[in-house]
Amino acid sequence: MTEFTRRNLLTMIGATAGSTAMYHAMTSMGYAAPSDYSGPIKLDGDPQGAKVLVLGAGLAGLTAAYEMRAAGYEVEVLEFREKVGGRCWTLRSGDSFTELGGATQNVDFAEGNYINPGPWRLPHDHHAVLDYCKRLKVPLEPFIQLNYNSYLHKSDAFDGKPQRLRHIKSDYRGHVSELLAKGINQGDLDKLVSSDDREVLIESLRSFGALNEQNEYVKSLETSVYRGYGKQPGGGVGAEPEASDLLDPQQIVQSRLWEYLATHETVDHQAPMFQPVGGMDGIARGFEREVGDLITYNAKVVSLQQDENGVTVTWENTSDGGTQTSTADYCVCTIPFSVLGQIDHNLSGGLADTISTMYYNGSTKWGLEFKRRFWEEDENIYGGISYTDQAISQISYPSTGYLSDGPGVLLGGYTWRGENSYKFNAMQPDERLEWALRQGEKIHPQYREEFKTGVSVAWHKVPWVLGCSGVWENRENYDEAVKIDNRVVCAGEHLSYLPAWQEGAILSSLDAISRLHDKVING
Amino acid sequence: MRQKFITTLVLCALSTQPVWAQTSDPSDTGQTTSSAEQSQTEARPQERDLTEMADGGEEWVQEYTSSDGEELYQSLCSGCHMTDGAGAVGAGAYPALRDNPNLEYAGYATYIIVNGQKAMPSLGHFLDDEQVVAITDYLQTNLDNDYDPDGTVEAVAGIRPAEPVNQNTEEHE
Numbered sequence: 008m009t010e011f012t013r014r015n016l017l018t019m020i021g022a023t024a025g026s027t028a029m030y031h032a033m034t035s036m037g038y039a040a041p042s043d044y045s046g047p048i049k050l051d052g053d054p055q056g057a058k059v060l061v062l063g064a065g066l067a068g069l070t071a072a073y074e075m076r077a078a079g080y081e082v083e084v085l086e087f088r089e090k091v092g093g094r095c096w097t098l099r100s101g102d103s104f105t106e107l108g109g110a111t112q113n114v115d116f117a118e119g120n121y122i123n124p125g126p127w128r129l130p131h132d133h134h135a136v137l138d139y140c141k142r143l144k145v146p147l148e149p150f151i152q153l154n155y156n157s158y159l160h161k162s163d164a165f166d167g168k169p170q171r172l173r174h175i176k177s178d179y180r181g182h183v184s185e186l187l188a189k190g191i192n193q194g195d196l197d198k199l200v201s202s203d204d205r206e207v208l209i210e211s212l213r214s215f216g217a218l219n220e221q222n223e224y225v226k227s228l229e230t231s232v233y234r235g236y237g238k239q240p241g242g243g244v245g246a247e248p249e250a251s252d253l254l255d256p257q258q259i260v261q262s263r264l265w266e267y268l269a270t271h272e273t274v275d276h277q278a279p280m281f282q283p284v285g286g287m288d289g290i291a292r293g294f295e296r297e298v299g300d301l302i303t304y305n306a307k308v309v310s311l312q313q314d315e316n317g318v319t320v321t322w323e324n325t326s327d328g329g330t331q332t333s334t335a336d337y338c339v340c341t342i343p344f345s346v347l348g349q350i351d352h353n354l355s356g357g358l359a360d361t362i363s364t365m366y367y368n369g370s371t372k373w374g375l376e377f378k379r380r381f382w383e384e385d386e387n388i389y390g391g392i393s394y395t396d397q398a399i400s401q402i403s404y405p406s407t408g409y410l411s412d413g414p415g416v417l418l419g420g421y422t423w424r425g426e427n428s429y430k431f432n433a434m435q436p437d438e439r440l441e442w443a444l445r446q447g448e449k450i451h452p453q454y455r456e457e458f459k460t461g462v463s464v465a466w467h468k469v470p471w472v473l474g475c476s477g478v479w480e481n482r483e484n485y486d487e488a489v490k491i492d493n494r495v496v497c498a499g500e501h502l503s504y505l506p507a508w509q510e511g512a513i514l515s516s517l518d519a520i521s522r523l524h525d526k527v528i529n530g
Numbered sequence: 052m053r054q055k056f057i058t059t060l061v062l063c064a065l066s067t068q069p070v071w072a073q074t075s076d077p078s079d080t081g082q083t084t085s086s087a088e089q090s091q092t093e094a095r096p097q098e099r100d101l102t103e104m105a106d107g108g109e110e111w112v113q114e115y116t117s118s119d120g121e122e123l124y125q126s127l128c129s130g131c132h133m134t135d136g137a138g139a140v141g142a143g144a145y146p147a148l149r150d151n152p153n154l155e156y157a158g159y160a161t162y163i164i165v166n167g168q169k170a171m172p173s174l175g176h177f178l179d180d181e182q183v184v185a186i187t188d189y190l191q192t193n194l195d196n197d198y199d200p201d202g203t204v205e206a207v208a209g210i211r212p213a214e215p216v217n218q219n220t221e222e223h224e
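The listed protein sequences correspond, in order, to chains F and B. Counting from 1, position 397 in the first sequence corresponds to residue 404 in the numbering used here; the numbering is continuous, with no gaps. Counting from 1, position 156 in the second sequence corresponds to residue 207 in the numbering used here; the numbering is continuous, with no gaps.
Do not rely on the hints blindly, as some may be mistaken.
[As the list claims (entries may be wrong)] If you anchor each label on the Cβ, the simulated ranges turn out as follows:
#	chain 1	residue 1	chain 2	residue 2	range
1	F	ALA110	B	ASN153	23 to 29 angstroms
2	F	ILE528	B	VAL112	55 to 61 angstroms
3	F	ALA110	B	THR116	22 to 28 angstroms
4	F	VAL309	B	GLU181	39 to 45 angstroms
5	F	THR270	B	GLU181	32 to 38 angstroms
[Claimed, not checked] From chain F, some residues computed to sit far from chain B (all C-beta separations above 12 angstroms):
#	residue
6	LEU50
7	ALA246
8	ASN316
9	SER333
10	LEU410
11	ILE528
[Unchecked claim] Computed, partial: chain F to chain B, Cβ under 10 angstroms:
#	residue
12	VAL308
13	MET434
14	TRP442
15	PRO470
16	VAL478
Source of the hints: derived by calculation from the structure; they are not laboratory data. Since this is a predicted model, take the numbers as computed values, not measurements. Each residue gets a CB set at the ideal place from its N, CA and C atoms; glycine is no exception.
With the rest of the complex left out, here is chain B (with noise of 0.2 angstroms):
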């Protein structure tokens, strides 16, 4: 009983016949800025520089959308394997992938950047195939690795899961 009521009453709420009493104004957001007093505390260098930074104005892109194989790697992999692919050493590793002669063929990368290894989550619900031989070709030709590059689209599409997996969907704290 509780169960269907409930359900009842989220079909009717999105059931949206136009009967809302009113249509008012949006009224403001209440965001008040009033005079604030300034602060006795001097501007600190991390502060003035960071200000300078701001100029860019670059806008933020929630997803990847860039096919190019570097600034991929530099805005995704780097953050793990690093900016020069030297990789990183705590507890445990990152593996380094440069002068790395798994690279030699791409199909190696290419498994691990759709399905993920180890502790490394899969990217391949989220890059498309394309962008997986970008990253591959990168990875071959840069960070002291000089291999003809192989990887292709199809190879891609050949090695991702039937079923792909949203890495995004489990609950948090």
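So here's chain F without its partners, still in its complex pose (with noise of 0.2 angstroms):
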């Protein structure tokens, strides 16, 4: 038996004994805390007119920027792009999107079809994210992660052919629960499980893997109940339903499609799982309603200088090509340290340091929309996840505008750090799009015929950040890096433990602002 990784641990304790399991031994081994948030910060005292300026208008920036007006700062915020949002940002009809290298993708999906390049969901543990759309009136609907329907793949498994994650897991923990009630029923864990659980442990595995009398997990229609039926149950004539066969244990278990039952189960997965209604950006916009008027778009910083008696940011008018400054008391900063890092600054210490040796991890998302919802009128899947071991990874269709006649739009891969990044990185637009077409097809054989248009974001190419989020290879400096430096202060999702989730730069941010405020009054 191989030895287990804490990770492959969590896998199979995830795909076996379920959500609830999964979280107390992740929560025993120290992840999965809730996140860090008791409801609207509250920064009490006057600052008597200081003038904070933010840098970045991304979740962070905005944060900043709206609850220190509130509190009586005077802010200004300045924004590389001609947009508020940063990362949060959806794609949809008529936009375009200038990667660096020149290529232009035009956005040519159907009126009211989006893509999210960067945050697509919103876990129900993520507080402060949530609190924020309650507040800023942003509507949420439910975003669908786990479809029983959708499908699970690998090259090599099962012919190549896709499997219904229902049959997966059905299956999977039908045949698990067999073998170990059987286990504790021959004696063979006596040491284990001690009589008085004996009897009721048995019988739950009944219950949890659908298992018979003799606790069996066999074609009946006790199963197909979990799993599907051959013949589904109808009305009048010939209504009767049938069994559907099992899948064979041994090929499941060495298929290794149980890998991807897991992820659903974390506690940043767990249903119900959230979307801003139209795109994620309306979180930005909602921002925007409460602080646009206080954000300068166009704005390249080039430079930021603090001493004694403030900070000094020079930046560029990339609309014109002027360059100005703006001065303030205090600065919060939340410029990507890619970008941060190339930035004349005199910041220090431990800050610095990481500033300057931070890396940005690549990503890679499509958006293909296909002349129909085949997916929904040929497969029956309505929104979702299928997984596959191809550099694409996953295809998530969309968790709104079910059963719609027209076009569709549908994540069509989703890559994360890893060789296939850097491989999608160095493409062109068009090549990329024909890989996802071609891995794609794999899973829906409809794609070609379907096809109709597609624009895909490789992170690092994204011009105003250079990577998708932040990584620490180890958190050496990180107390260092959170600290306030004198007058200016960083924050986002890079300054946090939720790295790229939107959470993480709300919370950090709440708790820059927190401290400088602390500052300001207390001295």
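Once you've looked at the hints, go ahead and assemble the two chains, each given alone in its own frame, into the complex.
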């Protein structure tokens, strides 16, 4: 038997024992603490007109601007892009995106269709981002993470044929339960299971795995209740249901398709998840309604200097080429370190060290529009995610607009770090798109016939961040990096324990501004 | 108690004794391709071009297996430093490698490729020594650089950190 790593163990626990056991196991191992948010921040005390310069209008910067103005500060925000949101970003019909290298993609989706190239789902336990959605009146709807009718696919498993998640999950659980129940019944586990526990444990396994009275997982209407029928129950003549065949247990185990079951069970992916109606940038727009008047767009920061009197930021107006200067008493800097590391600054110590050493990972996402929702019409998949071992990794179906006629957009792939991300990054958009179609059609043969248009974002080629998210190899300098450096404090997902999540950006910002405010008020 | 129980559950589940109740034929995938209604929408130019490209039939390779410097550069480095080595400028910049005097000796590029620098991730955990040399050879003799390639596998091995980091480990959204 192979030795278990912690990750493998968690994967197996999640797959076998389900989410509750997984959660307890993760908590006891120090993961999966719920986000640290206990309601709207209270910045008491009069800052007496102190001015704060906020660099960056992503969620960290927007949070700082919103809360500090409310607390009585004079706030100025500088943003490199022409709009709010940063990575909280949605591409929809009529948008165009020019990546580094100059390739421009014009998004040709039908009206109302969109793709979120960055964050795309909100966990139920990310309390801060959900609370801001409530306060900013950003309408949310359910995001379908787990769909039992989606596919699991590995090129060398089941002859490369995608398997319904429901079949893998039900049969894996059933076969494993049978194995365990028999082991208990045969007394093989007497040292581990007391006689008091034995009967009830077996009874629970019959329930958990849909086992029969002989503790067997067999083809039957009872197991078909979970894995689906061979012939669905109907009405009237010939309506009697028929049981479905089970997958071969060894084949399931060897297929390793069970690897895909655990993601759904992690606390950040447990139902319900949410998404803003109409696109993730609904959150950015919610903030914009509140603090849009504070933001200067097309402002490229070239220098950040502080001394005993204040903070001076020099920036270029990228629309007219002029250079300008902004001054303030304090600064909340949310510029990603991939960019800040190239800006002339006089920050110091562990913060400066971190700025100059934090690397940014790659990631690729595709939005593919098809002429019709074939995944719904042909395959009864309504939202959720299919996973594959191909480079695209996953296909996610829209959690909105179900059963509508006309074109639909799905997430045609999502790579995270790794060599595949580099490969897609090195491609031009057309080539990237071709690979997404070539791999996606292994799951959905309708791809070529139904394809209409597509867009991809390779995050190392995104001009305003140069990567997807900041990565800590270890957190040796973390405590130093989050400290206020005289008059400047940095914030963003990269300064959180929730990297790449919007929750991390907001929590980092709230923590930074509460410490900064305390310094302003109490010295 | 709970922890112990979970561990038991897992370990038991993995002690694969042939006690499955039933070994059935794999059922079909349930993948229906029912007669799709022919869409009214005309194929767009983008679609036609892509369909033609698809006829190439090339298979995806997950890792970097090439030992050819140009191929490695164009499928890896060029994503940020660009096909012609010109680099790129956004809110920050990717430095140009074209006509770059830092490439006179391979050591500098070797160190950065293996260990990363600033926002650039290290690539040493998936490139072998020969591949790194192939890249520095390419850089030193292409992209308007004209230096004598002096990279060696020994030098690459010497630059590698004692405990290399696999950068694909952290959880993500």
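Against the structure, the hints:
| no. | hint | verdict |
| --- | --- | --- |
| 1 | ALA110(F) x ASN153(B): 23 to 29 angstroms | 27 angstroms, holds |
| 2 | ILE528(F) x VAL112(B): 55 to 61 angstroms | 59 angstroms, holds |
| 3 | ALA110(F) x THR116(B): 22 to 28 angstroms | 26 angstroms, holds |
| 4 | VAL309(F) x GLU181(B): 39 to 45 angstroms | 41 angstroms, holds |
| 5 | THR270(F) x GLU181(B): 32 to 38 angstroms | 36 angstroms, holds |
| 6 | LEU50 | 28 angstroms, holds |
| 7 | ALA246 | 20 angstroms, holds |
| 8 | ASN316 | 27 angstroms, holds |
| 9 | SER333 | 17 angstroms, holds |
| 10 | LEU410 | 14 angstroms, holds |
| 11 | ILE528 | 33 angstroms, holds |
| 12 | VAL308 | 8 angstroms, holds |
| 13 | MET434 | 8 angstroms, holds |
| 14 | TRP442 | 7 angstroms, holds |
| 15 | PRO470 | 3 angstroms, holds |
| 16 | VAL478 | 7 angstroms, holds |
Hint compliance for this structure: every hint is met.
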